[in-house]
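Novice: Protein sequences appear in the order of chains A and B. So the first sequence is numbered by the working numbering: it starts at 1 and just counts up by one. So the second sequence is numbered by the working numbering: it starts at 1 and just counts up by one.
Do not rely on the hints blindly, as some may be mistaken.
If several chains are the same, the list does not tell them apart, and a pair holds so long as it fits within one copy or across any two.
To be verified - Only pairs whose alpha carbons sit at most 35 Å apart, straight line, appear in this in silico DSBU-like list of lysine-lysine:
{"hint": "1", "residue 1": "Lys44", "residue 2": "Lys238"}
{"hint": "2", "residue 1": "Lys378", "residue 2": "Lys97"}
{"hint": "3", "residue 1": "Lys238", "residue 2": "Lys34"}
{"hint": "4", "residue 1": "Lys97", "residue 2": "Lys404"}
{"hint": "5", "residue 1": "Lys347", "residue 2": "Lys404"}
{"hint": "6", "residue 1": "Lys347", "residue 2": "Lys267"}
{"hint": "7", "residue 1": "Lys314", "residue 2": "Lys169"}
{"hint": "8", "residue 1": "Lys455", "residue 2": "Lys380"}
{"hint": "9", "residue 1": "Lys347", "residue 2": "Lys51"}
{"hint": "10", "residue 1": "Lys125", "residue 2": "Lys347"}
{"hint": "11", "residue 1": "Lys455", "residue 2": "Lys238"}
{"hint": "12", "residue 1": "Lys347", "residue 2": "Lys169"}
{"hint": "13", "residue 1": "Lys97", "residue 2": "Lys51"}
{"hint": "14", "residue 1": "Lys238", "residue 2": "Lys314"}
{"hint": "15", "residue 1": "Lys97", "residue 2": "Lys238"}
{"hint": "16", "residue 1": "Lys150", "residue 2": "Lys24"}
{"hint": "17", "residue 1": "Lys34", "residue 2": "Lys125"}
Hints were generated in silico from the structure; no laboratory data involved.
There are 2 protein chains.
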Amino acid sequence: MINLTRIFLFVFLFHCGVLEAQNKDSTLIARIYKEALTSDYAYKNLEYLCKNLSGRLSGSPQAAASVEWTKQIMVQLGADTVYLQQTEVPHWVRGEKETARIVSQIYGTTSVNICALGGSVGTGKVGISGEAVEVTDITQLRDLGEPVIKGKIVFFNRPVDFSFMNTFKSYGSAVDQRISGPAEAAKLGAIGVVVRSVTTALDTIPHTGITRFDNVVTNIPAVAISTLDADRLSEQLKGDPQIRFYFRTTSKWLENEISYNVVGEIKGTDFPEVYLTIGGHLDSWDLGEGAHDDGAGCIQALEVLRLYRALDIKPRHTIRFVMFMDEEIAQSGANTYAQLAENRDEKHFLAIESDRGGFTPFGFSIDASQEVLNEIEKIKEYFEPYGADKFNIGFSGVDIYKLKQRGAITVGLIADSQRYFDYHHSAKDTFDKVNKRELQSGSGAIAGFVYLMDKYTPGFKSR
Amino acid sequence: MINLTRIFLFVFLFHCGVLEAQNKDSTLIARIYKEALTSDYAYKNLEYLCKNLSGRLSGSPQAAASVEWTKQIMVQLGADTVYLQQTEVPHWVRGEKETARIVSQIYGTTSVNICALGGSVGTGKVGISGEAVEVTDITQLRDLGEPVIKGKIVFFNRPVDFSFMNTFKSYGSAVDQRISGPAEAAKLGAIGVVVRSVTTALDTIPHTGITRFDNVVTNIPAVAISTLDADRLSEQLKGDPQIRFYFRTTSKWLENEISYNVVGEIKGTDFPEVYLTIGGHLDSWDLGEGAHDDGAGCIQALEVLRLYRALDIKPRHTIRFVMFMDEEIAQSGANTYAQLAENRDEKHFLAIESDRGGFTPFGFSIDASQEVLNEIEKIKEYFEPYGADKFNIGFSGVDIYKLKQRGAITVGLIADSQRYFDYHHSAKDTFDKVNKRELQSGSGAIAGFVYLMDKYTPGFKSR
């Protein structure tokens, strides 16, 4: 009987202990969210970044200035250590505002909206002109082959597939035309490429993004055309297959530049030599303000630093807040960060990135095994009251996925994707498209997730 | 042995049957979403409604025209029956553009942005002026009492509580000042009331909404002031308690008007006498275009009709698509609909309303017992791929909740709430604030939910 009573007592007390700990944790998560949702600090930081340091493409003066600015913010927020990690970055410049025209004997001449694709070379000052050949995909391009393509301007016009609820899948359904299309067309002798903007929007704004030649073929001029103008071009081609397309770009590659990742640390109390990375990428395309891509992610990382200080949370592992440089072109910042971690044989247990826009957070995309996910899902319930309780296995983020090699569980914040590709890589990615509360709740989700992982992860069996 | 084999076979075949049915259902849900996400029809309808029939307050010409327009849409979409339900609606008009000034001996005179609250009377052509008394809530107002309040202008200045993730709770934390504040102030002899706009935005735009006097007290002029102007007034009051507030409104009540609910039906194949209602409210406040509140909900209901026809879905129960009139002032359309249902002893098994903005849908707020919810949750898994899988017990919608008395399960579509109260009841509630895909996915969620409920609900034990 005595034994049984003891066992009951033990179970009871243990149960109470667990409940009390859960209670404390949910109270802390509530405090984190409250602090995030009631402070304008992050939103005002994003406004500053967007309005004063817009178009932060790697190698640009704005990118250099944003390095300095975020470093100062980290110092002001009281990080234990703040430093720069040098990295050599590519430097591509757009040059003058691009121009383009559809020239038809039937329909006359129509000006259309284009922008040079990142990494493409310019046409020269007089521009280029050629017959336009419309294709749906790279397979069709190859089927037409050199006899048809040589000397022409290839027009990739496959829209994104709108039927996915997740617009990253829509984007993925068409982005090969932009990334590989120009190089594939160049191989067949095309003189230029026009790609339908890879966007969910139907309007007159072109969307840029990287196109890759990778030195396997001569770089040729390549541009994105707005979706409405792509529809127009396609329509005119139906009535007049002899249409000529003219465009002029002055984009070019300059010498590489020296740039930096910005890193701030809060030293861990129990495991100072084990790292947890919270990041976003500081560079952005040059056409907009880089508000959603990825000013929001950077500002959210800085906000987590502020939340930790405001609520006096002391992490057990060392947290690194990292503003990665050059995600858009060559991921040189991410590569440098991963290389340094390897050189120094650093232990990384977690890395999280916000790079899907500053929209309402839905949960976490976790690049780990089902076994690890099952462990992590123990903290899922804490996010139910905030709607950030989708814990899926999936890709994390371009700047952090290589940390898997250092043992890290890498995680991407999942945000509502419906609007992202309306703005992405275009002049529309501006501060006014970011809702304060959506931005704030993303910071709350990251801070809460990191807090719980930092506290409980050491018990995860699979590590 | 033979018996056992038979049992196994039966179980196996039954299992296959269930799996096949589930498979068919998820295929149909996928077709519904695909059709919703790839058609511009609903979005263009919303644009038409917003741009041509903005400010559809009950009794207004725009409300009358929108009745006619939605009726025609229902006919075009091929509803089996389309008809109007007559209802007598209140008719309140704003009159001329309101003006207001803070007049201080110390700070000078400052113009501020206000709008008359719905249901309030005007000040007369010369306006009114009085000492401003700032209060946080109705309790504080009563504590000050008649000696302090009589002859003054009461300034309710409690902001919404931003710490809730669900902004309907934020709204609920402050809206009593607008609904009951003016009447309570009038009881104590106030000559006018200024209420801080009940919004999550910090800007210069005032937000209207109903204020209720209910004939228990003389109606006095009452206005909403923009949040930035409320901050300014409060700040100046700290430095100069003698401040006078001046405002001028010419709003008034006119005679009631005859208006209508618009109803379209698809006749049920199995239970034509049992009804399923899909609704939104056609009226809106006069200041904006009524895009999110509740143009989006109306257009989504119409889109469900289109989806049913496009996919040739034949409902077992009769579906009614209802554009309710006068949600904003007196709910006369909703009352008429419920009263007619009672008079005719109609059987209603489900009613669903979208009136929380055309934002990304998260799931369904179901006004039913836990037992009924448990049954309904059997269809929850179908919505997981689309992120609309939150099935909560909660309030449904202002226009449909009375149908509970007819036996209906009433349901509200839950949408992302972060932006709603930035726009709500203000000049900012315009078409450009609605994202096409968010609107479309709401239609998909409603159509999918209705399809599954229509198909399986008869088996729910609790009905």
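Novice: Evaluate each hint against the coordinates.
Specialist: Okay, the hints, checked on the actual structure:
1. When the C-alpha separation of Lys44 and Lys238 is checked against a cutoff of 35 Å, the pair qualifies only between copies, where the shortest distance is 26 Å, while the shortest distance within a copy is 49 Å.
2. For the identical chains of this complex, Lys378 and Lys97 are neighbours neither inside a copy (52 Å) nor across copies (56 Å), given an alpha-carbon limit of 35 Å.
3. For a Cα distance limit of 35 Å, the shortest separation of Lys238 from Lys34 across copies, 28 Å, qualifies, whereas the shortest one inside one copy, 57 Å, does not.
4. Taking identical chains as interchangeable, the C-alpha atoms of Lys97 and Lys404 are never at most 35 Å apart, the minima being 41 Å within one chain and 61 Å between chains.
5. In this homomeric assembly, Lys347 and Lys404 come within 35 Å of each other (Cα to Cα) only inside a single copy, at 11 Å, whereas the closest approach across copies is 59 Å.
6. Proximity of Lys347 and Lys267 under a CA criterion of 35 Å is satisfied intra-copy only: 14 Å inside one chain copy versus 65 Å between copies.
7. Taking identical chains as interchangeable, the C-alpha atoms of Lys314 and Lys169 lie at most 35 Å apart only when they sit on different chains, with a minimum of 32 Å there against 38 Å within one chain.
8. When the C-alpha separation of Lys455 and Lys380 is checked against a cutoff of 35 Å, the pair qualifies both within a copy, at 14 Å, and between copies, at 33 Å.
9. Taking CA atoms no more than 35 Å apart as the test, Lys347 paired with Lys51 passes in neither setting, with 38 Å inside one copy and 58 Å between copies.
10. With identical chains, the CA atoms of Lys125 and Lys347 are never at most 35 Å apart, being 52 Å at best within one copy and 74 Å at best between copies.
11. Taking the closest pair of Cα atoms, Lys455 and Lys238 never come within 35 Å of each other, the shortest separation being 63 Å inside a single copy and 46 Å across copies.
12. Only within a single protomer do Lys347 and Lys169 lie at most 35 Å apart by alpha-carbon distance; the minimum there is 33 Å, versus 43 Å between protomers.
13. Proximity of Lys97 to Lys51 under the C-alpha cut-off of 35 Å is found in both arrangements, the shortest distances being 20 Å within a copy and 34 Å between copies.
14. For a Cα distance limit of 35 Å, the shortest separation of Lys238 from Lys314 qualifies neither inside one copy, at 65 Å, nor across copies, at 39 Å.
15. Within a single copy, Lys97 and Lys238 get their C-alpha atoms as close as 29 Å, which meets the 35 Å cut-off; across copies the closest is 52 Å, which misses it.
16. Neither within a single protomer nor between protomers do Lys150 and Lys24 lie at most 35 Å apart by alpha-carbon distance, with minima of 69 Å and 48 Å respectively.
17. With identical chains, the CA atoms of Lys34 and Lys125 are never at most 35 Å apart, being 55 Å at best within one copy and 45 Å at best between copies.
Of the numbered hints given earlier, the model fails hints 2, 4, 9, 10, 11, 14, 16 and 17; all others are met.
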